[in-house]
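Hints are included, so try docking the two chains, each in its own frame, into the full complex.
From first to last, the protein sequence lines are chains X and L. All residue numbers in the first sequence are consecutive under the numbering used here, ending with 354. All residue numbers in the second sequence are consecutive under the numbering used here, ending with 1230.
Since the hints were made in silico from the structure, they are not lab data. Bear in mind that the values here come from a model prediction, so they are computed numbers and not experimental data. It is possible that part of the hints are untrue.
[Said to hold, decoys possible] Not the full set, but computed from the structure, chain X residues with beta-carbon under 10 Å of chain L:
#, residue
1, P44
2, E45
3, F70
4, I85
5, A97
6, F106
7, G322
8, D326
9, F329
Heads up, the beta-carbon is just placed ideally off N, CA and C, and yes, glycines get one too.
Okay, here's what each chain looks like letter by letter:
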Amino acid sequence: MLVLGIESSCDETAAAVVNDRREILGEVVLSQLDEHRPFGGVVPEIAARSHLAHLDRLVAEAMRRAGLGFADLDGVAATGGPGLIGGVIVGVMTGKAIALASGKPFLAVNHLEGHALTPRLTHDIGFPYLLLLASGGHCQLLAVEGVGRYTRLGTTIDDAAGEAFDKVAKMAGLGYPGGPAVEKAAAGGDPARFALPRPMKGKPGCDFSFSGLKNAARLLIESLPQPLAEQDQADVARAFQDAVADSMADRVRRGAREMKSRWPAARHLVVAGGVAANAALRQVLLRIGNETGLEFLAPPLKLCTDNAAMIAWAGIERLRLGQSDDLSFAPRPRWPLDPNARKGAPNTWKGAKA
Amino acid sequence: MIVLAMDSSTSACSAALWAEGKVLARRLSPMARGQSEALMPMVAEVMAEAGLSFADVGLLAVTVGPGAFTGLRIGLAAARGLALAGGLKLAGVATPAAVALGVPEGERQGRNVLVAIDSRRDELWLQLFDSALKPLSPIRALRPEQAGELAAGPVVVAGDAAALVLPHLPHAAASAAPGHPDAALVAELAAEQWSRGESLPPEPLYLRDADVTLPGKTVSEKTVSEKTGP
Ligand SMILES: Nc1ncnc2c1ncn2[C@@H]1O[C@H](COP(=O)(O)OP(=O)(O)OP(=O)(O)O)[C@@H](O)[C@H]1O
Ligand SMILES: [Mg+2]
Chain X
1 MLVLGIESSC DETAAAVVND RREILGEVVL SQLDEHRPFG GVVPEIAARS
51 HLAHLDRLVA EAMRRAGLGF ADLDGVAATG GPGLIGGVIV GVMTGKAIAL
101 ASGKPFLAVN HLEGHALTPR LTHDIGFPYL LLLASGGHCQ LLAVEGVGRY
151 TRLGTTIDDA AGEAFDKVAK MAGLGYPGGP AVEKAAAGGD PARFALPRPM
201 KGKPGCDFSF SGLKNAARLL IESLPQPLAE QDQADVARAF QDAVADSMAD
251 RVRRGAREMK SRWPAARHLV VAGGVAANAA LRQVLLRIGN ETGLEFLAPP
301 LKLCTDNAAM IAWAGIERLR LGQSDDLSFA PRPRWPLDPN ARKGAPNTWK
351 GAKA
Chain L
1001 MIVLAMDSST SACSAALWAE GKVLARRLSP MARGQSEALM PMVAEVMAEA
1051 GLSFADVGLL AVTVGPGAFT GLRIGLAAAR GLALAGGLKL AGVATPAAVA
1101 LGVPEGERQG RNVLVAIDSR RDELWLQLFD SALKPLSPIR ALRPEQAGEL
1151 AAGPVVVAGD AAALVLPHLP HAAASAAPGH PDAALVAELA AEQWSRGESL
1201 PPEPLYLRDA DVTLPGKTVS EKTVSEKTGP
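Excised from the complex, chain L in its bound form (with noise of 0.2 Å):
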């Protein structure tokens, strides 16, 4: 099955198409903004590298968080109108699975993986799995000196909160993976859960309410602090 995957939900951009354990064509490039210009182009491009069409593609897939909310949204709405227009099955990857992803297995012998997301607040996203990437934990949102209550013992820290949490551990260890999901690895894991019926709707991932703010006051603010994901 030809995998065609996306993320946007970091602060990197990328696209993928997989095939049975191969990368087709891949772009990737980390940036903080400007996902919504770079998407498309590499989606475009990587179906040209690849020289396949849209008809080709058995599974499309997109990160779904939690992750940036903007970022998120660009991923999403790419992702749902390429499924739209192209009939497409369309799976959704947690975003932290697919960072620990990146994890080298030779960083996660007899140690946990413990990934820590940015969500632009005091607390993170952070999630924990086991040295063969099953999850410990749901998502949870935790300010960086509570990390210890989720990771306990030896560690491997990944994904762009790492340097946050890492002065927090005393038995951890700093993952050389980028810090960042990549679209060839969302669409291995993406085609496995799919293979599985594990996969997420393609719906974001916010675990936060949205900030009840009008531009140029905020009304209120409200923060959801202990709301769990997958």
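Next up, chain X with everything else stripped away, as it sits in the complex (with noise of 0.2 Å):
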């Protein structure tokens, strides 16, 4: 089974054909970083201008490197939601028409599904499995029952932990995108020089909470001679990646617990998302998953961030069950993959998402 993955959704542009043999036949994607950049997040109007500039061309790239025509596939999955809604326009839009043009069947992906399915992808494992969502607009934690089936453990009633870490990396000084540029700073910093709050931490259920540390961070560098010194940066990004780690470790360790009473068949803890190039807490979630009985997994990282080999992976899990979408799909800017978790998900500055 060949299915062709289309992703725009945010900030990436991309394209992959996978088989149902968990193999990544072609696959290009195209950030859109530098286009972005001068203004310190992503614009939704350049983004949607963009994706719909280069899509068709990065489509025809990822089946030439696939080495395949669109005869050859058995479906056509776009990312469908939730994300930028001019951005995920132009990809069901494009999905929709090479489905029809091709006499395939179209599958509408949810962004989230296809986050959650991924180590289905690198890795060989069963349902149900324990799953972290950290990325620039998520910060949740889910029981991923099986493909359409997601029970909401946790999620941030504030900021994301990608965004805390971009907005504390912009006060700072250190950059845009932040996460990196935190990592690498904190890498010299004095873990023993600043204090920050660890939100949640011992609180009841295992939802996030960031703003609280990020509004603690913005204290800190307003106290600090302006602009901060090196040695200043690399120890305000010691201090909230320790937190931010700390916080997180607190968390996903009642998730597992509550994981294991819930659905004790559960083996695995994994994570998704761009946080998950984060060392410490990879290191933070392998000691967990060792404490608690669960396996830690991380995919490489290029499929924790942004890409369509996850969506063409999601689109054959749904095909493998029968399932399709018709071509009157409406794109949705927001689209929560436990419609029964309670509401109140956060606005963050990538828009409102799930």
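Rendered as structure tokens:
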């Protein structure tokens, strides 16, 4: 089974061809980072224009790399949301058109489901498993019970983790995107110099919160001589990263215990989203996995951040169950994975997501 | 030559199959939004109604604006996807020219045609054609009260912003034509322009820089008022 995947929900334009033997046959990703960098965030209209300008060429290139024609496909999958709607529309229309012209089923994939099913593309694992999705727009703990079956155990009540990294980096003069910059600076930081709060630590449940920590970091930064000296930047970055890791450790530990008690068959703790790049966080997750009896799995980084292979894979998972979508599918700016989760998902700097 | 045409550039959505002066099948609905849902089913329906496959299509045509940015991207993403997977030739057609073709010949006798398209800003997109629909001006971004600069004499006005300019033009008449393009006429125009080698590339005519708005806050807004298009 062969599926073409298309991703255009944020600032990456991507196309990939994947088969049901878990092989990525052809893959292209174009980052818009440089187009948005001057504005310190993703500008929706610039993103939408750029997706349209490049997507058809990227699809052609992914097909060429796979050495396949459209007639060889079994389906065409595109991110149908959640995300910046202008970009989602470009991907959905391109996917519908390719599906119609080649007479194949169309699949509108939930971007979050793409992230959630990635561990089954990279590893031969079964359901259920615990997923930490920590990206620029999301921070959630999900019980992945099956294709289309998710229970949200916890979510951020304000900012996403990646968003907090980005904002703190900006305040500290470390640039955009912030995650990698904070991690790099933190490597030379003194862990004992500053103490920042550990949001939610010890609270019941496994929701996250990062905005209080972000504000504490802001006050700390403002109390230092401006612009920040390199060592001050490093020490602030270290204090912030340690606080995030510590808060996450507490939340994920609770999530893992809840997972084990409600889904005793669960064997794995998996991470997805760009924040998974952070080595300190990976260490924490590995430790919690060991503590709670869940094997920690981290897909390679390029499959943790936005990519089209995960969309193609989610398409394969759904196609195998006989699912597909109508050509009248309406792109969805918001699309929660767990429709039963209580309302109150945050509005992030990338727009309301899920 | 069989032409498949689509439009979602303004406040309607349509798809049509056309060959040598005859409309083989057509779907059209006025709609301000929802083109991303309506367009592909319309294309599938006209293909099925005409009993044709994409291999039979000699030219694919799509309106490229100016118009609503999201609508332009809906039509162009669909057209570029169809062209890629169907191996089709693809021609862009300017939205004002397609609207002008909808103005009945009787209304044009001895008068120029002014097309006014909504830009969702203070300035509209205006273009003037002669009675034979030859363009007399580029597409210009003007406020309604500036329409007289472009159309001083007798003129018939069409387009979804016609009502906004009519009060400012003493010698103007309102066209009975619908204010939006019709894919059947887009097909006709595309065939003619293709044969003369005058098709536009399948790229959006935004004619205005992107608004630099991050969700929740406006950093700055750059509006380019005097950019002109074909
Ligand atoms: N080494 C790192 N440490 C911490 N955060 C990081 C690191 N590398 C990247 N990030 C963060 O990951 C985020 C980007 O991840 P990703 O591309 O998965 O998010 P997104 O796709 O933009 O958001 P979403 O999927 O929610 O729409 C950014 O906020 C970035 O700062
Ligand atoms: Mg993502």
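Tell me if X/F106 is really an interface residue toward chain L, meaning its C-beta lies closer than 10 Å to one of theirs.
8 Å, holds
Hey, does the X/E45 contact hint survive, CB to chain L under 10 Å?
Holds, because the Cβ-Cβ distance from X/E45 to chain L comes to roughly 4 Å (cut-off 10 Å).
Using 10 Å as the Cβ threshold, decide whether X/F329 counts as touching chain L.
Hint on X/F329: holds, closest Cβ of chain L at ~7 Å, below 10 Å.
Quick check on the hint: X/I85 CB to chain L CB, less than 10 Å?
8 Å, holds
Let's test the interface hint: is any C-beta of chain L closer than 10 Å to that of X/P44?
Holds. Min distance 7 Å.
Could you check if X/D326 really has its C-beta closer than 10 Å to a C-beta on chain L?
8 Å, holds
Does the closest beta carbon of chain L sit nearer than 10 Å to the beta carbon of X/F70?
Hint on X/F70: holds, closest Cβ of chain L at ~5 Å, below 10 Å.
Report holds or violated for the interface hint on X/A97, using the least CB-CB distance to chain L and a cut-off of 10 Å.
Since the shortest Cβ distance to chain L is 3 Å, the answer is holds.
X/G322 was flagged as interface toward chain L. Is the shortest Cβ-Cβ separation under 10 Å?
21 Å, violated
The structure shown violates just one earlier hint, number 7.
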